[in-house]
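Here's the letter readout for the chains.
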Amino acid sequence: MREKRFDAVRFVFKPAVFLLCLIPLGLLVYNFFTDNLSANPISDITNETGTWTLRFLVVTLSITPVRKMTGWSSLQRFRRMVGLFAFLYVSLHFATYIYLDKFFDWPEVVKDVGKRPFITVGFTAFVLLTPLAATSFDSVMKWMGGKRWRMLHRLVYACATLGVIHYLWLVKADTQRPLMYGAFVAVLLGYRLWVYVRNKAAKARRQSAQNAVVPNSELFPRLSNK
Amino acid sequence: MAAAFVASGAVAPGRLLAHSQDRWSRGRKGPYDTDEEVNTFKEITTYNNFYEFGTDKSDPAEYSQSFKTSPWTVSVEGEVKHPTVYNLEDLLKPYNMEDRIYRHRCVEGWSMVIPWHGFPMADLIRRLEPTSRAKYVEFTTLLDPSQMPGQKRSYLDWPYREGLRMDEAMNPLAFVAVGLYGKALPNQNGAPLRSVIPWKYGFKCCKSIVRIRFVRTQPATTWNEAAPNEYGFYSNVNPEVDHPRWSQKTERRIGEFFKRKTLMFNGYADQVASMYTGMDLRKYF
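Protein chains in written order, with my numbering: chain A, 1122 to 1347; chain B, 17 to 301.
Just so you know, the hints here were simulated from the structure itself, not pulled from any lab data.
Since the structure is predicted, the reported quantities are computational estimates derived from the model, not experimental observations.
Note that CB positions come from ideal geometry on N, CA and C, so glycine has one too.
Just so you know, nobody snuck in bad clues.
In silico DSS-like links for lysine-lysine, alpha-carbon gap of 25 Å or less:
no., chain 1, residue 1, chain 2, residue 2
1, A, 1223, B, 275
2, B, 275, B, 265
3, A, 1293, B, 275
4, B, 109, B, 199
5, A, 1236, B, 275
Derived list of chain A stretches under chain B, where covered just means 3 residues or more per stretch with a C-beta under 8 Å from a C-beta of chain B:
no., region
6, 1158 to 1167
7, 1231 to 1241
8, 1288 to 1298
Whole structure, please, built from the sequences with the hints as guidance.
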């Protein structure tokens, strides 16, 4: 029997990327305890965890297009991990809001979510991300079946869009950064739309080609009967 | 730096030692001073909104270090007896500088306690002799994109303009600051001179002032023009009137963990509320 090849993705690259994804959190914690954040560290924690959520969502959405363009199929094996890091950072973001901004004043939180459009949108994105994280196990994926699982996980498109809107609606005047994330998300979702439309058109062409064959045989029955 | 000279020249010599101190050492308490703990010099000078130097809180401290505050002129215009362009030194010469420890509440929901150094705005205005037709006063910040990198981008309509009703400008709390912590005003805090209006949200203060114009009608102001439904001309601190996008009921005092309740007129109701009697503060937010 052939010896099993060393799985570099599993034993080297995935652990490396895992550690890489923890660096923003590590830096935040380190800077917090060494007093290297701004004079308003709670605001910094809120902003940083939010920004990193958007970044991880953009990276997650980039994996499939980049894999298709480069043909490097191993990339797909990082998608779940990066996606789950987006969920880690959004959870920290949400926890910061609940604890350090609202101090578990739930009635205030409910009012905020209902009344402030940027919080409504951000909260919705967080809620929509939760089932994606919950169904990220192999066993759940198997139980759901690939088709349904993929359908559910298209929610990430909505999450990324809502995340950008959340950012755009909270800034005071300078929309440059939210628009930059918006551009990334627009390109990545636009790519998927383009692929979808192209596939649909190809399918329609195939079908009309097939349809065209049938009437031909009907038009000239004698030719085929001969 | 002339501004440093001007400001420090008026400071009691002992005060200059405040340089080495992290916390402000209080002198005799003035009638308008708050007893609350003063924020550190570092907090006051590294966490700033001064969009002329960028929109991050750290940008002003980072990008204002080579900002030139000398020579500096202030043009006094409009409904005034003698429209004049003053050299900063001449404009400041007549005043006895004093410290004022004020609360400062940002519209974003954070606050600080700052020991300003300067003189009452009313003293300045009296000396400039506005005519009886002057109903409002407008302040304008320097426009110089070569020194103020934020002005190279158009997220606000430069130059920054702010305004006050005449009685507001004459209120004993309205202040012109040329320093803080007993030394010349750091560039990131609006050097060489800025207005301080402690019962209003911070953006109502105008930094690095180059023009003071007395006018008959309410002047157009920068944030009000940028988002009229969010930033009113008055912008008095008011916990009952939310910003359309966030609550103004509470604030985070820089350096504190828990949030504080925001006070009406930022705690200065006794001195200023009478100016607004009969006004619907929801309408004139």
